[in-house]
Amino acid sequence: MLDMALNAVKFYRNESCGKCVPCRMGSQKMVEILTRWTHGGISESQFAADLKLVDDLSAAMSQTSICGLGQIVPAPVQSVLKHFRPEVEAHVMKGQCPSGICFSAANRLAELPRVGIRP
Amino acid sequence: MSAAGMIELTIDGKTVQVPPGTTVFDAARMNGITIPTLWPPAEPDARRSLSPLRRWIPARAFSELHASGCEPNMKVQTNSEKVLAARKTLLELLMSDHPSPCARQENPAIANWKRWRRKRASARPGSRAAPSPVATMILRSPSPSITTPASCVTAAFAAATKSKTISSSAVWAKAIQLVSPSI
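One line per chain: the protein sequences are G and D, in this order.
Just so it is clear: in the first sequence, position 29 is 29 by the numbering used here, and no numbers are missing.
Adding 119 to a residue's 1-based position in the second sequence gives its number in the numbering used here.
Bound-form chain G, shown alone:
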C-alpha cells in the first residue's frame, strides 16, 4: 500500500504544472518522505517527526493549492496512514514490506522505473 501511495504521489508530482508553490514543491517533498519510508531503517523519533511534517504539508497543500491536482496530492498518503497504518509501521520500524515489494532484491539495487511513471 505504501508503494501504491508513493506511485500515486509520484504521478501527481510529474503532472504538477508548477504554478503554485504547495503543489510544485510540496509534491516533491512528499515523494522524498515516502521514498525514505519505503527504504526503511528510520528511528521512532524520526518517524514521529516525519508524520508531523506530512500532516502539516498535507494541510497546507490541500488548503492552499490553486487547483484540484495540488489539493488531492496528500490524499493517497493520508488514506494509507488512516487505513493501513500497521503496514507503514512495518516498513519504517521493522524494515519489512508485507507485500514483498519494497525490500525485494531488485528494489534494493535501484528504484525500478515503472511503466508510464518516471522514477
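It cannot be assumed that every hint is accurate.
[Stated by the list, open to error] Pairs of lysine-lysine, DSSO-like flavour, derived with a Cα cap of 30 Å:
(1) G:Lys-52 x G:Lys-29
(2) G:Lys-82 x G:Lys-94
(3) D:Lys-207 x D:Lys-194
(4) G:Lys-29 x G:Lys-82
(5) D:Lys-194 x D:Lys-238
(6) G:Lys-29 x D:Lys-207
(7) G:Lys-29 x G:Lys-94
(8) D:Lys-207 x D:Lys-133
(9) G:Lys-19 x D:Lys-207
(10) D:Lys-201 x G:Lys-29
(11) G:Lys-52 x D:Lys-238
(12) G:Lys-82 x D:Lys-201
(13) D:Lys-194 x G:Lys-19
(14) D:Lys-201 x D:Lys-133
(15) G:Lys-52 x D:Lys-201
(16) G:Lys-19 x G:Lys-29
(17) G:Lys-19 x G:Lys-52
(18) G:Lys-82 x G:Lys-52
(19) G:Lys-19 x D:Lys-201
(20) G:Lys-82 x D:Lys-194
(21) G:Lys-52 x G:Lys-94
Since the hints were derived computationally from the structure, they do not count as laboratory data.
Got chain G; can you put chain D on it based on the hints?
Frame of chain G; chain D shown alone:
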C-alpha cells in the same frame, strides 16, 4: 450593495466598503489590514506580469485573496490559525530549496554591470557609469522577495543575523516572523 454602488464586506471582523472590481487583497490594504507579501505590491499591471509564484505568495490561503474580486457580504479572515500555519509551511517549502549563499550576490546583470563599471573606470578615470536597465531595475526593487535576487529576504535576514547561510535557525525564525507574526 450599499450606498453609491459600493460593495460591503467584512475583513477580520472589520466592515469595509470598497468600489466594485477591487480585489480582496487591495481592499485589505486600503483599510490598513496588512497581509504579508514576498512580492512588490506594485500597480495592478505589473502584478499581472509578475510570475505566478510571486503573485501567489501573499496570503492566498484558502481563496485567491488578491486575485479575486470582492463580493457583497464576503467574510475574509487573514490571520486565523490555519492561514498562519499554511503561510509558515509555504515559506518553509520555498526556503528549503533556496540557494545558500543567495543569488543576490551572484546576479549576472549586477555582476556584469560591476565588471563593466570597473573596466570603464580604469579606462576613463573620473567618469560615472550608469548600471544597465536590468541592473537598475533589480537594484531598485523596493520590496522584499524570494524571487528577486536584489531584494531577497533570505539575504537580508542572513545579513541581519550575521549569518552566511540561510539554514541558520535565527534566519528561519526571522523569516517565519515575517509571514506568521503570531506563530
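Hints, one by one, checked against the model:
no.: 1; hint: G:Lys-52 x G:Lys-29; verdict: holds, 13 Å
no.: 2; hint: G:Lys-82 x G:Lys-94; verdict: holds, 19 Å
no.: 3; hint: D:Lys-207 x D:Lys-194; verdict: holds, 23 Å
no.: 4; hint: G:Lys-29 x G:Lys-82; verdict: holds, 20 Å
no.: 5; hint: D:Lys-194 x D:Lys-238; verdict: violated, 58 Å
no.: 6; hint: G:Lys-29 x D:Lys-207; verdict: holds, 15 Å
no.: 7; hint: G:Lys-29 x G:Lys-94; verdict: holds, 23 Å
no.: 8; hint: D:Lys-207 x D:Lys-133; verdict: holds, 25 Å
no.: 9; hint: G:Lys-19 x D:Lys-207; verdict: holds, 19 Å
no.: 10; hint: D:Lys-201 x G:Lys-29; verdict: holds, 20 Å
no.: 11; hint: G:Lys-52 x D:Lys-238; verdict: violated, 54 Å
no.: 12; hint: G:Lys-82 x D:Lys-201; verdict: holds, 22 Å
no.: 13; hint: D:Lys-194 x G:Lys-19; verdict: holds, 27 Å
no.: 14; hint: D:Lys-201 x D:Lys-133; verdict: holds, 19 Å
no.: 15; hint: G:Lys-52 x D:Lys-201; verdict: holds, 15 Å
no.: 16; hint: G:Lys-19 x G:Lys-29; verdict: holds, 16 Å
no.: 17; hint: G:Lys-19 x G:Lys-52; verdict: holds, 26 Å
no.: 18; hint: G:Lys-82 x G:Lys-52; verdict: holds, 14 Å
no.: 19; hint: G:Lys-19 x D:Lys-201; verdict: holds, 22 Å
no.: 20; hint: G:Lys-82 x D:Lys-194; verdict: violated, 33 Å
no.: 21; hint: G:Lys-52 x G:Lys-94; verdict: holds, 20 Å
Going through the hint list in order, the structure does not satisfy hints 5, 11 and 20.
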